[in-house]
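These protein sequences, in sequence, are chains A and B.
For the first sequence, the residue numbers in this note's numbering are 1 to 230.
For the second sequence, the residue numbers in this note's numbering are 1001 to 1224.
Since the hints were made in silico from the structure, they are not lab data.
Don't be surprised by glycine CBs; every beta carbon is placed ideally from N, CA and C.
Among these hints, one or two may not hold up.
Claimed, not checked - Subject to a maximum C-alpha distance of 30 Å in a straight line, what follows is the list of computed DSSO-like cross-link-like pairs (lysine-lysine):
#1 K47(A) / K1142(B)
#2 K1045(B) / K217(A)
#3 K47(A) / K1215(B)
Said to hold, decoys possible - Not the full set, but computed from the structure, chain B residues with beta-carbon under 8 Å of chain A:
#4 G1062
#5 S1168
#6 L1169
#7 S1187
As the list claims (entries may be wrong) - Taking CB as the label site, the calculated pair distances span:
#8 S227(A) / K1045(B): 29 to 35 Å
#9 L1087(B) / L154(A): 46 to 52 Å
#10 S227(A) / V1086(B): 50 to 56 Å
#11 D8(A) / L1021(B): 35 to 41 Å
#12 G229(A) / L1204(B): 40 to 46 Å
#13 P1094(B) / L38(A): 39 to 45 Å
#14 V1213(B) / K128(A): 30 to 36 Å
#15 Q130(A) / F1033(B): 44 to 50 Å
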Amino acid sequence: MELLAFGDTGWGDELFYATLMTIAVSITAMFIGFLFALIFTPLKLSKNKFLNFIANSYTTIIRGVPELLVIYLFFFGGTGAVMFVASIFGYNEYIEINAFVTGAFAIGIISGAYSTEVFRGAIQSIDKGQFEAANVLGLNKFGKFVKIILPQTLRLAIPNLSNVWQITLKDTSLISVTGLVEIMRQSYIAAGSTRDPLFFYSFAAVLYLVLTFVSMKLINRLETKYSRGY
Amino acid sequence: MDLELMIDSLPKLLNAAVITLKLLSVSLIIGLFIGLFFAILRLNKNIFINRFAYAYSYIFRGTPLLVQIFIIYFGLGQIEYLRSTVLWVILKEPYWCAIIAFSLNTGAYTSEILRSAFQTIKPGIIEAGKSLGISNKVIFYKIQIPIAIRQSLPAYGNEIILMMKGTSLASTVTLMDLTGVAKYIISTTFKPIEVFIVAGGIYLFMTFIIHNVIKFLEKKYSFN
Chain A
1 MELLAFGDTG WGDELFYATL MTIAVSITAM FIGFLFALIF TPLKLSKNKF LNFIANSYTT
61 IIRGVPELLV IYLFFFGGTG AVMFVASIFG YNEYIEINAF VTGAFAIGII SGAYSTEVFR
121 GAIQSIDKGQ FEAANVLGLN KFGKFVKIIL PQTLRLAIPN LSNVWQITLK DTSLISVTGL
181 VEIMRQSYIA AGSTRDPLFF YSFAAVLYLV LTFVSMKLIN RLETKYSRGY
Chain B
1001 MDLELMIDSL PKLLNAAVIT LKLLSVSLII GLFIGLFFAI LRLNKNIFIN RFAYAYSYIF
1061 RGTPLLVQIF IIYFGLGQIE YLRSTVLWVI LKEPYWCAII AFSLNTGAYT SEILRSAFQT
1121 IKPGIIEAGK SLGISNKVIF YKIQIPIAIR QSLPAYGNEI ILMMKGTSLA STVTLMDLTG
1181 VAKYIISTTF KPIEVFIVAG GIYLFMTFII HNVIKFLEKK YSFN
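Sequences are here, hints too, so could you generate the full structure?
Structure representation (structure tokens):
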């Protein structure tokens, strides 16, 4: 237990901050994923073959290639890409991208591919009559989407989005390879300096279990809220 | 684009893909037995056995695979007692540690897939078997298991693909699998995009093959 003490003698406070970091990266990545889903879901549902192809390539590639490989691409390629863009604008100094941004972006793109599939499935399973009814009511495109389609999509999507959240949360452990101090990285540091990897990695496992358990409870509440009337 | 590098690295990456496939197939075979075993425990009426199987699948599904590998590879070696037993021959090898972690992980997911498949079998089918005077054991092996396997094929296909991606974590415990070699080439040449295209292409090709084999099996064993 001494190993987990807060302050200079133990690793309690470090692990606590690392847990907050994991939560922060997961939420940011999930949010970035939603932004990607917002772009790619309409492309997937579009009637244009070319747009379909773009969206399908995105989801197929990301879901077929290991997360770790995507992270390495961003970790090693991110700085180069940003510096290339900056050089177009005439800025030639070295730019270091922060590990948080790289990590959240890499995991966000992965999470976005799964979210896109979830939203596509949810929108497709909404009854056709709902679209027709919205047209009959004379709603414009925006009103139709926000008032009729979106609330129903959310209800259908939440159970599957909770799976995406679990995947995203667990995937953030892979960012530890880039040096961002989240749960895995902090456990690695603590395990190295105390020579007690069994304890610290097991404790990391417990932290992840707590995170998944608590988030499940919260999502279940959300689910009940959105399925009122069903 | 450095085409020369892409062509040069292709044979190295293909060689590494063999290790990936080895890790995948061995883990899947062991994982299938673990999964079947725990799925049967989950259906047991004894609450302790039942809870035990649930706890197993909950823990392995609720924690990242990376933690599981690290506990087995770095953690278990710390126990003095284990070092003196025969088990140490296996546990000191990163290859076997990775296999153990992958098998236990995929076993947990497989047990959930099989459990839900068993539960969706209509009781009428089992009753029909009973009324024909077939023993419970034969009903289980000859009726329930084949139906459950058919039911779980689509979900299991997804699990195989997820596991294939999971084997990339073997590179974190010094194994040179496809991702490990890709990372090595990236860090020596600083050409991430080219290497990503080749390595990613090999992964996609494997995903494509697995996807189609499962589709073929689904068709072959479909009920109508």
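Structure-based check of each hint:
About 47 Å separates the Cα atoms of K47(A) and K1142(B), which puts this hinted pair outside 30 Å; it is violated. Distance restraint check for K1045(B) and K217(A): the Cα-Cα separation of roughly 26 Å lies within the 30 Å cut-off, and the hinted pair is therefore satisfied. Between K47(A) and K1215(B) the alpha-carbon distance is near 26 Å, which keeps this suggested pair within the 30 Å criterion. Satisfaction of the interface hint for G1062(B) is found here, the shortest Cβ-Cβ separation to chain A being roughly 4 Å, below the 8 Å cut-off.
Interface restraint check for S1168(B): the shortest CB-CB distance to chain A comes to about 3 Å, inside 8 Å, so the restraint holds. A least Cβ separation of about 6 Å between L1169(B) and chain A falls short of the 8 Å threshold, and the interface hint therefore holds. A distance limit of 8 Å between C-beta atoms decides the matter here; for S1187(B) the minimum to chain A is near 7 Å, and the interface restraint holds. A beta carbon spacing of about 31 Å between S227(A) and K1045(B) agrees with the range 29 to 35 Å that was offered as a hint.
With their beta carbons about 50 Å apart, L1087(B) and L154(A) fall inside the hinted range of 46 to 52 Å. Between S227(A) and V1086(B), the C-beta spacing of about 54 Å keeps the proposed range 50 to 56 Å intact. A beta carbon spacing of about 48 Å between D8(A) and L1021(B) contradicts the range 35 to 41 Å that was offered as a hint. Distance hint check for G229(A) and L1204(B): the Cβ-Cβ separation is about 43 Å, which falls inside the suggested range of 40 to 46 Å.
The hinted range of 39 to 45 Å is satisfied by P1094(B) and L38(A), whose Cβ atoms lie roughly 42 Å apart. For V1213(B) paired with K128(A), a C-beta distance near 35 Å keeps the hint of 30 to 36 Å intact. The given range of 44 to 50 Å is respected by Q130(A) and F1033(B), whose C-beta atoms sit roughly 47 Å from each other.
In summary, the structure is inconsistent with hints 1, 11 from the numbered list given earlier, while agreeing with the others.
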